[in-house]
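As given, the protein sequences belong to chains A and B, one line each in that order.
The numbering used here puts the first residue of the first sequence at 1, with every later residue one more than the last.
The numbering used here puts the first residue of the second sequence at 1, with every later residue one more than the last.
Since the hints were derived computationally from the structure, they do not count as laboratory data.
In this text, a Cβ means the ideal position worked out from N, Cα and C, and glycines have one as well.
It is possible that part of the hints are untrue.
[What the hints assert, rightly or not] From chain B, some residues computed to sit far from chain A (all C-beta separations above 10 Å):
#1 M41
#2 N47
#3 D120
#4 E128
#5 Q217
[To be verified] Derived DEER-like restraints, expressed as beta-carbon distance ranges:
#6 A:G3 <-> B:A176: 49 to 57 Å
#7 A:E169 <-> B:V180: 30 to 38 Å
#8 A:K103 <-> B:E172: 27 to 35 Å
#9 A:K103 <-> B:E169: 22 to 30 Å
#10 B:V180 <-> A:A31: 19 to 27 Å
#11 B:R213 <-> A:R303: 33 to 41 Å
#12 A:G177 <-> B:A176: 50 to 58 Å
#13 A:E21 <-> B:A181: 48 to 56 Å
#14 B:E6 <-> A:E169: 33 to 41 Å
#15 A:A31 <-> B:P68: 38 to 46 Å
#16 A:E21 <-> B:D301: 49 to 57 Å
[Unchecked claim] Just some of the chain A residues that point at chain B, by a computed CB distance under 8 Å:
#17 S143
#18 A176
#19 V180
2 protein chains.
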Amino acid sequence: MPGMSEALKAALTDKSAGVAEMLQHLLPEVAETESRLFDAMRYSTMNGGKRLRPFLVLTTAEMFHVAPSSALRAAAAVEMIHCYSLVHDDLPAMDNDDLRRGKPTCHKQFDEATAILAGDGLLTRAFEVLAHPATHSDPAVRSQLVLDLAQAAGPHGMVGGQMVDMLAERDEAVRAGLDVAAITRMHQMKTGRMIAFSCMAGATLGKAPAQLRQALQAYAHDLGLCFQIVDDLLDVEGSADEMGKTIGKDQAAGKITFVSLLGLERARDQARLLADQAVQHLKPFDAEADLLRDVAAYVLDRRS
Amino acid sequence: MPGMSEALKAALTDKSAGVAEMLQHLLPEVAETESRLFDAMRYSTMNGGKRLRPFLVLTTAEMFHVAPSSALRAAAAVEMIHCYSLVHDDLPAMDNDDLRRGKPTCHKQFDEATAILAGDGLLTRAFEVLAHPATHSDPAVRSQLVLDLAQAAGPHGMVGGQMVDMLAERDEAVRAGLDVAAITRMHQMKTGRMIAFSCMAGATLGKAPAQLRQALQAYAHDLGLCFQIVDDLLDVEGSADEMGKTIGKDQAAGKITFVSLLGLERARDQARLLADQAVQHLKPFDAEADLLRDVAAYVLDRRS
Numbered sequence: 001m002p003g004m005s006e007a008l009k010a011a012l013t014d015k016s017a018g019v020a021e022m023l024q025h026l027l028p029e030v031a032e033t034e035s036r037l038f039d040a041m042r043y044s045t046m047n048g049g050k051r052l053r054p055f056l057v058l059t060t061a062e063m064f065h066v067a068p069s070s071a072l073r074a075a076a077a078v079e080m081i082h083c084y085s086l087v088h089d090d091l092p093a094m095d096n097d098d099l100r101r102g103k104p105t106c107h108k109q110f111d112e113a114t115a116i117l118a119g120d121g122l123l124t125r126a127f128e129v130l131a132h133p134a135t136h137s138d139p140a141v142r143s144q145l146v147l148d149l150a151q152a153a154g155p156h157g158m159v160g161g162q163m164v165d166m167l168a169e170r171d172e173a174v175r176a177g178l179d180v181a182a183i184t185r186m187h188q189m190k191t192g193r194m195i196a197f198s199c200m201a202g203a204t205l206g207k208a209p210a211q212l213r214q215a216l217q218a219y220a221h222d223l224g225l226c227f228q229i230v231d232d233l234l235d236v237e238g239s240a241d242e243m244g245k246t247i248g249k250d251q252a253a254g255k256i257t258f259v260s261l262l263g264l265e266r267a268r269d270q271a272r273l274l275a276d277q278a279v280q281h282l283k284p285f286d287a288e289a290d291l292l293r294d295v296a297a298y299v300l301d302r303r304s
Numbered sequence: 001m002p003g004m005s006e007a008l009k010a011a012l013t014d015k016s017a018g019v020a021e022m023l024q025h026l027l028p029e030v031a032e033t034e035s036r037l038f039d040a041m042r043y044s045t046m047n048g049g050k051r052l053r054p055f056l057v058l059t060t061a062e063m064f065h066v067a068p069s070s071a072l073r074a075a076a077a078v079e080m081i082h083c084y085s086l087v088h089d090d091l092p093a094m095d096n097d098d099l100r101r102g103k104p105t106c107h108k109q110f111d112e113a114t115a116i117l118a119g120d121g122l123l124t125r126a127f128e129v130l131a132h133p134a135t136h137s138d139p140a141v142r143s144q145l146v147l148d149l150a151q152a153a154g155p156h157g158m159v160g161g162q163m164v165d166m167l168a169e170r171d172e173a174v175r176a177g178l179d180v181a182a183i184t185r186m187h188q189m190k191t192g193r194m195i196a197f198s199c200m201a202g203a204t205l206g207k208a209p210a211q212l213r214q215a216l217q218a219y220a221h222d223l224g225l226c227f228q229i230v231d232d233l234l235d236v237e238g239s240a241d242e243m244g245k246t247i248g249k250d251q252a253a254g255k256i257t258f259v260s261l262l263g264l265e266r267a268r269d270q271a272r273l274l275a276d277q278a279v280q281h282l283k284p285f286d287a288e289a290d291l292l293r294d295v296a297a298y299v300l301d302r303r304s
């Protein structure tokens with residue numbers, strides 16, 4: 001894949017396999033009547049995504065010498081939250097998408113009611129996984145992870161960001177008010193906070209000192225924003241083939257994006273600046289943060 | 001209200017007011033664009049329900065001398081989970097209800113997308129509230145509460161029960177397989193586990209000894225089942241006026257209930273037996289459990 005170092009490619013493949021295995025373990029098939037629910041939860045998490053968030057959890061956890069089983073549970077919890085948000089986002093009342101990564105969305109493969117319940121089930125299960133003693137022997141670490149994840153995913157985080165995004169799509173007055181500050185805030189809520197949680201979970205599990213936590217927080221902030229700007233750029237510049245989805249969709253829908261607000265060139269400059277800044281924040285770390293540096297380069301240069 | 005002692009009536013009114021105040025505090029109005037989400041969350045929790053679950057949390061918490069602020073936070077978290085499940089249950093793809101307690105359901109008052117997000121927001125916020133240090137100074141207690149609530153509300157609990165219930169409604173083969181054991185299991189998952197959590201949360205907050213925990217668990221089990229059988233009886237015997245909803249709805253829909261399986265008389269006997277048993281389980285407690293005894297009598301004798 002363009003923009004991806006060999007080391008990053010190998011690490012992504014390796015870690016993604018580990019996360020898939022942990023998800024299989026945490027979301028088993030069941031024989032009872034409610035098997036349809038579990039099937040839908042499994043279907044929605046085994047979707048061939050890049051698994052960027054779990055990758056960030058696992059990579060930072062390694063930097064703080066966290067036990068792999070702990071890190072994998074936290075990574076799986078993050079992925080469950082990410083996948084639940086996609087399942088609910090795809091529903092007819094929300095984005096009404098029939099396909100995700102070329103496969104039928106959950107409500108198309110099953111039905112709407114099952115998709116609603118599968119999303120609810122994944123969201124709830126994520127907290128169960130984090131709070132379980134198998135995730136960490138120290139209950140203070142477990143309850144911190146639950147608190148942080150709930151804040152990142154809840155009404156002041158991801159769900160709040162989705163609300164703003166939806167209103168911007170449907171309400172002319174809200175759309176008119178979306179300037180660079182407002183759209184930055186929206187993306188910070190909608191995707192930034194979950195990316196930040198993913199970068200911080202390993203530090204929490206490894207009881208990292210405050211200075212290193214702050215460095216990772218700053219890295220995550222810039223990485224998340226860079227990720228979003230590049231998303232907007234790819235919608236204009238990417239080829240449909242590489243993206244695996246219709247491009248120019250945002251523009252056609254009159255959507256406010258970083259590109260519509262800043263123009264192509266300034267958006268590109270801004271993305272580059274953020275990727276550079278993200279890497280700068282990693283100065284307190286030696287080679288152990290090289291994968292995070294590669295991630296920043298990849299997020300900037302990716303073609304899909 | 002019929003079946004309700006004066007002491008219970010006063011305690012329900014008092015505790016319900018405390019829970020409403022805590023919910024107001026935990027779900028504030030916000031000024032930002034996402035205010036619509038918070039409005040929908042507030043609307044869905046301030047619905048004039050009986051608040052039976054929070055009442056059980058607060059009453060058992062008092063038995064173990066838990067600080068009121070701790071108990072109220074746990075009670076509010078339980079109510080958020082209960083209300084989120086109603087919001088999602090009422091959606092067109094699920095039960096498609098326009099009214100709840102005589103008021104428009106969340107998706108009618110707002111819109112479907114907002115209702116989906118409000119449910120997600122309440123579910124997530126409940127875990128945030130429990131994991132927050134303000135709920136208890138001991139993180140082991142907080143993470144135990146999160147774990148227990150997630151198990152009660154998740155795919156092996158409430159969400160799993162909702163899946164079975166939905167399948168029983170839509171799938172002839174599933175309906176045909178619903179005998180007394182299967183319907184008991186379904187209700188145990190769908191409502192029983194949350195009632196059990198509500199009875200146990202106070203004991204967890206108060207670090208109650210195992211023997212008393214077991215007594216409460218047994219009480220909660222019988223209370224929850226009694227509650228459901230009486231629900232089924234009221235659908236047949238209740239007056240529409242007292243119930244505030246259409247009665248005979250289950251029968252008309254060909255729904256499998258305890259009444260359709262056992263007949264009126266045996267269902268009534270079974271409910272009485274369970275209420276008696278529930279009270280028996282409270283033997284280890286003196287007068288401090290009197291409100292729980294009154295609850296059992298009320299659940300059996302209520303007319304709505």
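Cβ separation of A:E21 and B:A181, checked against the hinted range 48 to 56 Å: 35 Å, violated
Supplied distance hint 27 to 35 Å, evaluated on CB atoms of A:K103 and B:E172: 29 Å, holds
Hint status (Cβ of A:S143 to nearest Cβ of chain B, threshold 8 Å): It holds, given that the least Cβ distance between A:S143 and chain B is near 4 Å, below 8 Å.
CB-CB spacing for B:V180 and A:E169 relative to the 30 to 38 Å hint: Roughly 49 Å apart at Cβ, these two residues miss the hinted range, so it is violated.
Chain B contact restraint on A:V180 - CB to CB distance below 8 Å: 15 Å, violated
Satisfaction of the hinted span 19 to 27 Å by the C-beta atoms belonging to B:V180 and A:A31: Cβ of B:V180 to Cβ of A:A31: about 20 Å, so the range 19 to 27 Å holds.
Distance rule for B:N47, whose beta carbon must clear each one in chain A by more than 10 Å: 18 Å, holds
Range hint 49 to 57 Å (beta carbons of A:G3 and B:A176) holds or violated: Cβ of A:G3 to Cβ of B:A176: about 56 Å, so the range 49 to 57 Å holds.
A:E21 versus B:D301 beta-carbon gap, inside 49 to 57 Å or not: 53 Å, holds
Beyond 10 Å from every chain A Cβ - status for B:E128: 3 Å, violated
Outcome of range test on Cβ distance (A:G177, B:A176; 50 to 58 Å): Since the Cβ atoms of A:G177 and B:A176 sit about 55 Å apart, the hinted range of 50 to 58 Å holds.
Status of B:M41, Cβ more than 10 Å from any chain A Cβ: 7 Å, violated
Hints 1, 3, 4, 7, 11, 13, 14, 18, 19 from the earlier list are contradicted by this structure; the remaining hints agree with it.
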